[in-house]
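Novice: Here is how the chains run, residue by residue.
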Amino acid sequence: MRRYETTFVLRPSLNEEEINTVIERTTTILTTNSGKIIELDRWGMKKLAYQIKKESQGFYVFCDYCSTPEDVAEMERRFRLDDAVLRFMTIKLSDGITTEEIEEATAQAEQKKMAATEDEESAADESSSSSEEVTASENVDDTISEDVEKAE
Amino acid sequence: MAQRPPKKLFTRKKICRFCADSELKIDYKDVKLLRSFVSERGKIIPRRIVGTCASHQRQLCEAIKRARHIALLPYSGSIQS
Numbered sequence: 001m002r003r004y005e006t007t008f009v010l011r012p013s014l015n016e017e018e019i020n021t022v023i024e025r026t027t028t029i030l031t032t033n034s035g036k037i038i039e040l041d042r043w044g045m046k047k048l049a050y051q052i053k054k055e056s057q058g059f060y061v062f063c064d065y066c067s068t069p070e071d072v073a074e075m076e077r078r079f080r081l082d083d084a085v086l087r088f089m090t091i092k093l094s095d096g097i098t099t100e101e102i103e104e105a106t107a108q109a110e111q112k113k114m115a116a117t118e119d120e121e122s123a124a125d126e127s128s129s130s131s132e133e134v135t136a137s138e139n140v141d142d143t144i145s146e147d148v149e150k151a152e
Numbered sequence: 153m154a155q156r157p158p159k160k161l162f163t164r165k166k167i168c169r170f171c172a173d174s175e176l177k178i179d180y181k182d183v184k185l186l187r188s189f190v191s192e193r194g195k196i197i198p199r200r201i202v203g204t205c206a207s208h209q210r211q212l213c214e215a216i217k218r219a220r221h222i223a224l225l226p227y228s229g230s231i232q233s
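Protein sequence lines, in the order shown, are assigned to chains A and B.
The opening residue of the first sequence carries number 1 in the working numbering; numbering runs sequentially from there.
The opening residue of the second sequence carries number 153 in the working numbering; numbering runs sequentially from there.
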């Protein structure tokens, strides 16, 4: 099982359901053959640095996962065929990951998410900072935390 | 050789930001960090001006090129906020 991360950009004209279908389809492909999703992050709508297929905005989705190379190839093949996906990029993070490392990574990812939501809440409330964790301060600089659209 | 007026010396003693601060990770997703290594026109700033070491400059270039592919950074032209 190798660890990968994929970022893909969807058309901005899709509604919530269509975005969810695309993401679910992707996750089902990845989780066949006992693949595991470590982190799935929706960055939301962002302005593209240049026009892709005449679109100037895109819905970014980031996924960190473990899977077999064949599943990844299948997912990329589907992306190429799908009109809704504008761009995708897969990067291999490591070869041969163990189950313990997967659990560690999932826990870390969840912690980051919790810290990010806490950050957003405390910033919105304009109250004094409750607990300044090291992870929280790192996430302030992270673009991911800024662009995550949490349903409020 | 005839005497040339001394060329402007680029600061030699600059330290690599990534070597000095081990917490800084080069990540293609971190657009804010990458923007400081890209000129106004979108071109990658050479190492002798920024002061990064060779290996980190290579990693930076790779990250910038990945970010360009995903349209987080432009290939050329000013970076519109």
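Heads up, some of the hints might be wrong.
Calculated lysine to any residue pairs in the SDA-like style (CA-CA distance at most 20 Å, straight line) [unchecked claim]: (1) B:Lys181 with A:Phe62; (2) A:Lys46 with B:Lys217; (3) A:Lys36 with B:Arg210; (4) B:Lys181 with A:Met1; (5) A:Lys47 with B:Lys217; (6) A:Lys47 with B:Ser230; (7) A:Lys47 with B:Val183; (8) B:Lys184 with A:Gly44; (9) A:Lys54 with B:Cys213; (10) B:Lys184 with A:Lys92; (11) A:Lys54 with B:Arg210; (12) B:Lys184 with A:Tyr50; (13) A:Lys46 with B:Arg210; (14) B:Lys181 with A:Arg87; (15) A:Lys92 with B:Arg210; (16) A:Lys47 with B:Ser228; (17) A:Lys92 with B:Asp182; (18) A:Lys92 with B:Cys168; (19) A:Lys47 with B:Arg193; (20) B:Lys181 with A:Lys54.
Pulled a few chain B residues facing chain A out of the computed Cβ check, cut under 10 Å [to be verified]: (21) Ser188; (22) Arg199; (23) Arg200; (24) Ile222; (25) Pro226.
Here are a few chain A residues that sit away from chain B, every Cβ distance over 10 Å (derived from the structure) [stated by the list, open to error]: (26) Thr7; (27) Val9; (28) Arg25; (29) Thr28; (30) Asn33; (31) Leu40; (32) Arg42; (33) Glu76; (34) Arg78; (35) Asp82; (36) Asp83; (37) Thr106; (38) Gln111.
These are calculated hints, taken from the structure and not from any lab test.
By construction, the Cβ of each residue, glycine as well, lies at the ideal position given by its N, Cα and C atoms.
Novice: Hints first: check each against the structure and report whether it holds.
Specialist: Quick rundown of the hints versus the structure:
Distance hint between B:Lys181 and A:Phe62 is fulfilled; the C-alpha atoms sit about 10 Å from each other, no more than 20 Å. Restraint check: the Cα-Cα separation between A:Lys46 and B:Lys217 comes to about 18 Å, which is no more than 20 Å; the hinted pair holds. The straight-line distance between the Cα atoms of A:Lys36 and B:Arg210 is roughly 31 Å, outside the 20 Å bound, and the hint therefore fails. With a CA separation close to 24 Å, the supplied pair B:Lys181 and A:Met1 exceeds the 20 Å bound.
In summary, the hint linking A:Lys47 to B:Lys217 is supported, as the alpha carbons are separated by about 18 Å, within the 20 Å threshold. At roughly 14 Å between alpha-carbon atoms, A:Lys47 and B:Ser230 fall within 20 Å of each other, so this suggested pair holds. For the suggested pair A:Lys47 and B:Val183, the alpha carbons sit about 13 Å apart, so the restraint of at most 20 Å is met. For the suggested pair B:Lys184 and A:Gly44, the alpha carbons sit about 17 Å apart, so the restraint of at most 20 Å is met.
Of the supplied pair hints, the one linking A:Lys54 and B:Cys213 is violated, its CA atoms being roughly 27 Å apart against a limit of 20 Å. Restraint check for B:Lys184 and A:Lys92: the C-alpha separation of about 23 Å exceeds 20 Å, so the hint is violated. The suggested pairing of A:Lys54 with B:Arg210 is violated, with an alpha-carbon distance near 32 Å, which exceeds 20 Å. For the given pair, B:Lys184 sits about 17 Å from A:Tyr50 by alpha-carbon distance, which is consistent with the 20 Å threshold.
Only pairs whose Cα atoms come within 20 Å are accepted, and A:Lys46 paired with B:Arg210 is rejected, the gap being roughly 27 Å. Using a Cα cut-off of 20 Å, the hinted pair B:Lys181 and A:Arg87 holds, with the two alpha carbons roughly 15 Å apart. A hinted pair counts as satisfied when its Cα atoms are at most 20 Å apart, and A:Lys92 with B:Arg210 qualifies at roughly 18 Å. Restraint check for A:Lys47 and B:Ser228: the C-alpha separation of about 16 Å stays at or below 20 Å, so the hint holds.
Distance restraint check for A:Lys92 and B:Asp182: the Cα-Cα separation of roughly 18 Å lies within the 20 Å cut-off, and the hinted pair is therefore satisfied. Note on A:Lys92 and B:Cys168: the hinted pairing is violated, with a Cα-Cα distance of about 26 Å set against a maximum of 20 Å. As the CA atoms of A:Lys47 and B:Arg193 are separated by approximately 18 Å, the hinted pair is consistent with the 20 Å bound. With a C-alpha separation of about 23 Å, the suggested pairing of B:Lys181 with A:Lys54 is violated against the 20 Å cut-off.
Checking B:Ser188 against chain A: minimum C-beta separation of about 12 Å lies over 10 Å; hint violated. At a threshold of 10 Å, the smallest CB-CB gap from B:Arg199 to chain A is about 23 Å, leaving the interface hint violated. At its closest, the beta carbon of B:Arg200 sits 26 Å from a beta carbon of chain A; the interface hint therefore is violated under the 10 Å criterion. Hint status for B:Ile222: holds, given a least beta-carbon distance of 5 Å to chain A, under 10 Å.
For B:Pro226, the shortest C-beta to C-beta distance to chain A is roughly 4 Å, which falls under 10 Å, so the interface hint holds. Chain B draws A:Thr7 into its interface by the beta-carbon criterion, the shortest separation being 6 Å against a cut-off of 10 Å. The claim that A:Val9 is not at the interface with chain B is violated, since a C-beta of that chain comes within 10 Å of its own (minimum 7 Å). Distance check on A:Arg25: its Cβ is at least 20 Å (rounded) from any Cβ of chain B, clearing the 10 Å threshold; non-interface status holds.
Distance check on A:Thr28: its Cβ is at least 23 Å (rounded) from any Cβ of chain B, clearing the 10 Å threshold; non-interface status holds. Chain B leaves A:Asn33 outside its interface by the beta-carbon criterion, the shortest separation being 27 Å against a cut-off of 10 Å. Distance to chain B confirms A:Leu40 as a non-interface residue, since its nearest Cβ pair spans about 14 Å, more than 10 Å. The non-interface label for A:Arg42 is consistent with chain B: the shortest C-beta to C-beta separation is roughly 14 Å, beyond 10 Å.
At roughly 14 Å, the least C-beta separation between A:Glu76 and chain B is larger than 10 Å, which holds for a residue marked as non-interface. At the 10 Å boundary, the C-beta of A:Arg78 stays outside the reach of chain B, the nearest C-beta of that chain being 18 Å off. Every Cβ of chain B is farther than 10 Å from the Cβ of A:Asp82; the closest lies at roughly 17 Å, confirming the non-interface assignment. Non-interface call for A:Asp83 relative to chain B: holds, since the shortest CB-CB distance, roughly 17 Å, exceeds 10 Å.
Listed as a non-interface residue, A:Thr106 keeps its Cβ farther than 10 Å from every Cβ of chain B; the least gap is roughly 19 Å. The non-interface label for A:Gln111 is consistent with chain B: the shortest C-beta to C-beta separation is roughly 17 Å, beyond 10 Å.
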